[in-house]
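Engineer: Residue numbers (the numbering used here), protein chains in the order written: chain A, 21 to 133; chain B, 322 to 433.
Take these hints with a grain of salt, some might be off.
Straight line, CA to CA, 25 Å or less: simulated PhoX-like cross-link-like pairs of lysine-lysine [said to hold, decoys possible]:
id, chain 1, residue 1, chain 2, residue 2
1, B, K389, A, K33
2, B, K400, B, K390
3, A, K77, B, K363
4, B, K378, B, K363
5, B, K400, B, K389
6, B, K400, A, K21
7, A, K21, B, K363
8, A, K21, B, K390
Honestly, the hints are just simulated from the structure, not real lab data.
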Amino acid sequence: KAGVTQTPRYLIKTRGQQVTLSCSPISGHRSVSWYQQTPGQGLQFLFEYFSETQRNKGNFPGRFSGRQFSNSRSEMNVSTLELGDSALYLCASRQTGGFSPLHFGNGTRLTVT
Amino acid sequence: EDQVTQSPEALRLQEGESSSLNCSYTVSGLRGLFWYRQDPGKGPEFLFTLYSAGEEKEKERLKATLTKKESFLHITAPKPEDSATYLCAVQDSSGGSYIPTFGRGTSLIVHP
Chain A
21 KAGVTQTPRY
31 LIKTRGQQVT
41 LSCSPISGHR
51 SVSWYQQTPG
61 QGLQFLFEYF
71 SETQRNKGNF
81 PGRFSGRQFS
91 NSRSEMNVST
101 LELGDSALYL
111 CASRQTGGFS
121 PLHFGNGTRL
131 TVT
Chain B
322 EDQVTQSPEA
332 LRLQEGESSS
342 LNCSYTVSGL
352 RGLFWYRQDP
362 GKGPEFLFTL
372 YSAGEEKEKE
382 RLKATLTKKE
392 SFLHITAPKP
402 EDSATYLCAV
412 QDSSGGSYIP
422 TFGRGTSLIV
432 HP
């Protein structure tokens, strides 16, 4: 069974630009979550989608947004990029909507210059 | 608010030198505790889920245990390939949110 796939693996953007990251979950998984990982803050939750609906949202500004499609694939968008947005962005899927472990992709490394 | 504290932050071992990593947590009601392994430049890889105090899970040289306040990841006779960051996360059974809270991780280096 294929794992969680994230594209692209690396991105370099300039301050003020916007970026879209893509995630394909494990087949059959309907829940997709996004996390930001930095050395200083660790893993921070961005949002979770289940059956195309945003079910939970973390404490990030409105510049961070996401969506989920009917095939469970998900995208997240960051507008008006800031230097502090440089991080590893991780997507995770899980089998049910509730208490099951997250399965992560290898992330997209975003560098903002 | 759920809290997860992992210690030590970093651990250096010699090959074959067994040790334990600690994950202390505070939750209203524990639904599950997860252990992950993360290699540099990659996403966390799921290792174990523990649901109740007294439960133990094993995989190769790793054994995870759970009490009402903490979990331990015991590494027996580690090898250099066990070098990684180990993360734990807890899932609260109250409030209706299914979002796990992660600790900052323990960075393990095993020297040959």
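Engineer: If a hint holds in the structure, say so; if it doesn't, say that too.
Structural biologist: The hints, checked one at a time:
1. B:K389 - A:K33: 45 Å, violated
2. B:K400 - B:K390: Violated: B:K400 and B:K390 sit about 29 Å apart, past 25 Å.
3. A:K77 - B:K363: 24 Å, holds
4. B:K378 - B:K363: Within the cut-off at roughly 24 Å; holds.
5. B:K400 - B:K389: Roughly 30 Å between the alpha carbons, so the hint for B:K400 and B:K389 is violated.
6. B:K400 - A:K21: 28 Å, violated
7. A:K21 - B:K363: Answer holds: A:K21 to B:K363 is near 18 Å, not above 25 Å.
8. A:K21 - B:K390: 35 Å, violated
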